[in-house]
Amino acid sequence: MSAFSTQALAQSKAVTGRVTDAITGEGMPGVTVHLKETSTAAPTDEQGNYSINVPAGGGTLVFTFIGYLNKEVTVGSQSTINVSLASDSKTLNEVVVVAYGTADPATYTGSVTQIGAEKLAQRPVTNITNAIAGQAPGVQVSAGSGQPGSGPDIRIRGFSSVNYANDPLYVVDGVPYTAGLSNLNTEDIASISVLKDAASTALYGSRATNGVVMITTKKGKKDRVQVNLRALQGVSSRAIPEYERVNAYEYYPLMWEAYRNSLVSATVTRAQASQRATADIKGLLGYNPFNVPNNQIVLQDGTLNPDAQLLWEDDLDWEKALTRDGSRSDYTVSFNGGSEKSDYYVSLGYLNEKGYLIKSDFERFSGRMNVNTNLTNWFKAGVNINYTLTNSNQANTGSSTGFVNPFFFSRGIGPIYPIYQHDPATGAYVLDANGERVYDLGGSSPTMTRPVYPGRHIVAETEWNNYLYRRNVFGGRTYGEITFLKDFKLTANFAADITNYEEQTYENTQVGDGAPAGRAGRVLYNLTSYTANQLLNYNRTLAGVHTVDALLGHENYSRSRDYLSGSKSGEVIADNTELQNFSTINNFNTYLQEHRIESYFGRANYTFNDKYTVSASYRRDGSSRFYKDVRWGSFWSVGGSWRLDQETFFTKPNWVDMVKLRSSYGQVGNENLENGDGSQYYAWQALYTLGQNNAAEPGFSQATLGNRGLVWEKNNSFDAGIEFALLKNRLNGSAEYFKRTSEDLLFEVQLPLSSGVANRIENVGAMYNQGVELRLAGDIIKTDAFTWNLDVNWTTFKNKITKLPYPELVSGTKKLKVGEDLQAFWLREYYGVDPENGNALYRAITYNEANSKIIGSDTVTWNANNGRFHYAGTAIPKFSGGFTNTFSFKGITLSALVTYSVGGKFYDGQYATLMNHGTYGGAMHKDMLDRWQNPGDITDVPKLQVGNTANLAAASDRWLVDASYLNFRSVSLSYNIPAPLTTRLKLRNVNIFATGENLALVSKRKGMNVAQTFSGTTSAVYVPARVLSLGLNLSL
Amino acid sequence: MKKTIYSALLASAMIFSSCEKEYLETAPTNAVTEENVLSSTKNGMAALNGIHRILYLQHNGSQNQGGEGSMKIMMDALGEDWVQTLGTSWWANEHNWTSHRNATSSTTYNHAWYYFYYRIIANANILINGLDNATGPEAEKQMIIGEALVYRAWAHFQLVQAFGERYEAGKTNSQLGVPLLITSTTEGQPRATVEEVYTQINTDLDTAIGLLTGLGNRPAKSHFNAAVAKGIKARVALTMQNWPVAARFAQEAIQQSGATLMSRAQYTSGFNSVENPEWLWGSKMQADQTNYFYSFFAYMSANYSSTAIRQNPKKINSVLYNQIPATDVRKALWDPTGASIPVPAGGVKAPYGQKKFLVADPNLSIGDVPHMRLAELYLIQAEAEARQGLASAAGSLFTLVSARDPQYVRSTRTGQALVDEILFQRRIELWGEGFRFLDLKRTNSALDRTGKNHIAQWAWALTGGNLRVEAGVKEWQFLFPQAELNVNKAIVQNPL
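Those protein sequence lines, which keep their order, are chains E and S.
Numbering follows full-length UniProt numbering, in which position 448 of the first sequence is assigned residue number 448; successive positions increment by one, without gaps.
Numbering follows full-length UniProt numbering, in which position 338 of the second sequence is assigned residue number 338; successive positions increment by one, without gaps.
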């Protein structure tokens, strides 16, 4: 025996080396190094080093590690072999998170896109939804908002509801999340799964119609102890510039002309009107910002007095006065590790985001601890708790036309009005007793009254008012899991998310809605949701070829929101916003809202020989939103997949690694009746609103009619797709077709106003979305030193309404009609400008001598009321998606995510407002310089004329523009410090990076927030922020 | 063994946690179910108070829809005696006669008017038709139903005046009025004729007067009693040119109301308190029921600090003002120089600006809104008597005007001249209280804003530059709102 061993030793040699991660360059512990076709094997140590004896004649070493691609190296004469292992994420071998568990993507029958932590590591995003844009086919993401802490909206495979939510269900660590996604620290997130079809979502039953976004937080990795530090420090600024507006020198003559044109009549000649306009225009605009007399600002030929110089040129930029250099600091330290039996992940995060708009910020402390342990070989338990504290000042953009909305005010104010008071004669700043400048509230002197936003001042109001909240969120997930009879697993989960929110508002005594009394208010609520479920899993492989996987479950969901609001007015002493410092109660109210769902569900998957898989899901939900006789509904799906590459009859070319066909069909539902005000928890009941007291007498009045037959909206979803991996997994991708049909829509059916109630919620109406989505990813160039990876996705879909409660319904810029899509614009048809008189012309409904003319064969009108409406295109793009280019050279990686949208229309209402034809004091777009001025002028901008904007700038397809855009959503440049250096520093890995979010938006018009909504409309909102950051990821 | 126990525990948890039936039963805490409302007269009374409150709630989330107070502003904005300082603010479209003629918008005043009064009718119908099984004192039930009937009548009256062509006595008024809603239904109803609508209004008022007569004191002046119901009946009769009925009911209302005319001191105290002895019916507002910037006083008072008041204080027609004798206390309600107006800080002191309406506390926009004053009843009585040629007319007028102007001499005019004098008194007495458009329409008069202190730029009606609307043209009728036409196919739109 010993002789034999000695002989074996004599014939072998030692091979040593280090195994590193191909992406991070970090040494990999625990990698198995195995001599092929023998039992000889060795693990790597903490630094990734190994040593193994191989026969003198060599052999082949196989390096394996879970989640990484195997690597084989022929030893030959080498004695040192260093290898790097590539992560397996691009193949389909990683598990994906799906409803109530995980799935093997190799056989999974549903449609799911998973976004891993590596896609999030360098993103300076406060709200995780920002990281979804452009990453998944079939997913549309809006532009979002620059409001610190906010995230964009998401639509998965089109729209399913007309009146109610189209947002997906957000599930965090297995439980529908009620706390708001800005409470999650991006660094804590391990993966985001987007579930798109019935096979993947049916287990969420009555909440699954709009798809499900599953967010999973990090767990500790076994066999290591690791400390990570992530630090990001950045600056933020406005990503989309303001619209191009005329300056003061251009503005005065334009307004003069608008007024002059309105004076011309049968009895007043143009010359007389010009004379009067020159005399009156200052009186109408209120301010003379120039160093020339009031009646000589604009000459009688309509040009600005050549001597006119601005008296307060440095004090006209309201946008600048509201803007600052924003900043963003984001730090997380985390510990993770584990032993054979237990694992843990603990993190602490601090985020401080100062928006580019003054008085808007978001400060967040977050902590998380996730511990799992196998107490015995049959009992496992874990707990995952998190706590978040947020303090935030919010910009007051709640109303898009509110005087307190900084974007509305600064966009709309004419370019002649100063921020501070000036001496009308000299232009000098007026100073107060302390020598400070004084805000000009628009009526500071009898000779200076501002006709636009009179008595209001956005800078003063933003500075002097408060609008802030403080929010505590506690979340916990815990489970116990028993494995028994070998193949069974029984799991009990309990989860709670508890939000305590306190909002404080204060409106000052000097200017604005609170003046002169001063007002203060509080909103407090506690939002608590519980989910408890019990799951029984069975998993068995028989005879090596039959794999059966089954799940049975029961779940209770309960959400309650306890709400209090109160406000008082009449400030007693200054600088104290506590309510006892105010004298009069304006309102004081509380309520409790509850929502509950109880469910039974099951799923079964059967796979034969890794080739054929069939699956079926079923869920029965009872919802408290509906009347007891009808509240239980059933939801289901069936699906199948076929691994073509595993077939023996199919001689696959050797460049094909994997081909999978799959398809699913099922019915899911939507019971979400919340439409912003959250009042629809009791929709089946006929209700009277309490608290409608008549002076001191108690009172209530009719609110809703109720509908005892009301049930969930149904969505039938078909999906068929192919997934493939080619060229040794260098290229992989998928192509899918989907058709989602919604029926029995939850519809706010309009009632005759004469019934006294405007609408009632009924199940009526139907529509479908069908489309195709593609994804292709691969290494275009791949050498040892350099890799160029391109990951592209592309989606196209159509929406069509097939049933409505009435033939058609006009709503804003849209008209709902069977056969049209939900986002189809219904607008007057703009014809152009009449060269004779500068009128705006619209295609006419009928010929009417008083307001119409015939041009060629077209009957046109200059009276907007006679303008003919037509369908003028849709807000749904022809196609959209995202692409990511990643270039890696040695340790340097440059990655750029660009989202795109092609086709579709955008109704630029903000531009339309700036193209008004004479609102005294209102700002104007530069395009107004191209207006019609004299008979014979050929232009597409009608004449200026005060009081005629309704006709000259009526809502029409004139304001529609191509909605195509290209958004450089995220670019990052990172560098991995080489391993030898990090080892010397006793660090496992050091990665430094520079990153930019929202670097550039290319669209048809400067200033246009083209992706603000999915309906192709825009308003004065907090324009998205551009964030430039430097970052460091460090682990030891 | 342990494993089996744990499994059993978990399994039983799974079974038993499928909770009791009540788990899915939830109910709101800030609302009451309809069954509950109709179960007792106590709750019925609360639902009636809900209607009173509708008169000063915000509607449609709109800043210029603060209930009946806003409807009153609309009625004056359409006329010629209510003059703006600046025409780019709230009520500009109403003043320009485009708001009530907009067939497509849901934010214009035809929509506001229509929905507001039908909400009142719907709330009233539930009480009128549903209290049969309610527990509680019979007298209370009678009061609830009686008041609800007055509401139903009054709301129909407001509607038919706006949407129907004017009622003409002496003919069958077969022109289309508005849908008559006397039961709760969501089925779209056709327009009843103007005649039918007035018949129902009178039936409801007569029934209500019967129910309310002999009941104890009403809880507050926001409620109706028999006297107020008679006052409304008098208004209706005046509009129907049924002079004898108008005169008789006005007189009965005067006698039974217990109201007395204001003293001169009271007259200039701001028209903001329901405690005023001259008010028969009014909405009382409390601080914790503030209606912020949609309140009547946020537009119509002289001293509340809203943008609308600072920049666009309301003024009186200068021609009308100049006819008021200097000895008349009403002359003090406006200031031809503007100097004496107690404007909020930064406010414009406009010539001919009003100071009739004042908020009691400049920090709050609230103020009680008068819906019926004794003065109106004297004016109704006087006009109805004058139109019948009765000699008592000048006396009825004298009772009122002598209380305003100690120098006033009993009128010796007769015939149309006397009627004209009464109508002049009506314009100055009821300025800003929501009568002008309805008076122009019922008397089939033209609107004429020429030659007054209107700023032509902003005072046009129908089309830019036009300051006159002839009597009887189609624009005197509100257009039915698009939201009604969308789903009520039985409605015929007024001529566009």
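There could be a bad hint or two in this list.
[Unchecked claim] Derived lysine-lysine pairs resembling BS3-like cross-links, with alpha carbons at most 25 angstroms apart: (1) E:K739 - E:K800; (2) E:K341 - E:K219; (3) E:K222 - E:K628; (4) E:K815 - S:K489; (5) E:K817 - S:K42; (6) E:K628 - E:K798; (7) E:K803 - E:K815; (8) S:K42 - S:K141; (9) E:K320 - E:K222; (10) E:K221 - E:K489; (11) S:K141 - E:K803; (12) S:K21 - E:K628.
Since the hints were derived computationally from the structure, they do not count as laboratory data.
Being a predicted model, the structure only gives us computed values, none of them experimental.
Results of checking the hints against the structure:
1. E:K739 - E:K800: Given pair K739 (chain E), K800 (chain E) holds - Cα atoms ~11 angstroms apart, limit 25 angstroms.
2. E:K341 - E:K219: Distance ~13 angstroms between K341 (chain E) and K219 (chain E) Cα, so the pair holds.
3. E:K222 - E:K628: 49 angstroms, violated
4. E:K815 - S:K489: It holds: about 18 angstroms lies between the C-alpha atoms, which stays within 25 angstroms.
5. E:K817 - S:K42: Given pair K817 (chain E), K42 (chain S) is violated - Cα atoms ~47 angstroms apart, limit 25 angstroms.
6. E:K628 - E:K798: 37 angstroms, violated
7. E:K803 - E:K815: This hinted pair holds, its Cα atoms lying about 14 angstroms apart.
8. S:K42 - S:K141: Distance of about 9 angstroms is within 25 angstroms: holds.
9. E:K320 - E:K222: The given pair, whose Cα atoms are some 53 angstroms apart, is violated under the 25 angstroms limit.
10. E:K221 - E:K489: Distance of about 23 angstroms is within 25 angstroms: holds.
11. S:K141 - E:K803: 46 angstroms, violated
12. S:K21 - E:K628: Holds - the C-alpha atoms of K628 (chain E) and K21 (chain S) are around 9 angstroms apart, at most 25 angstroms.
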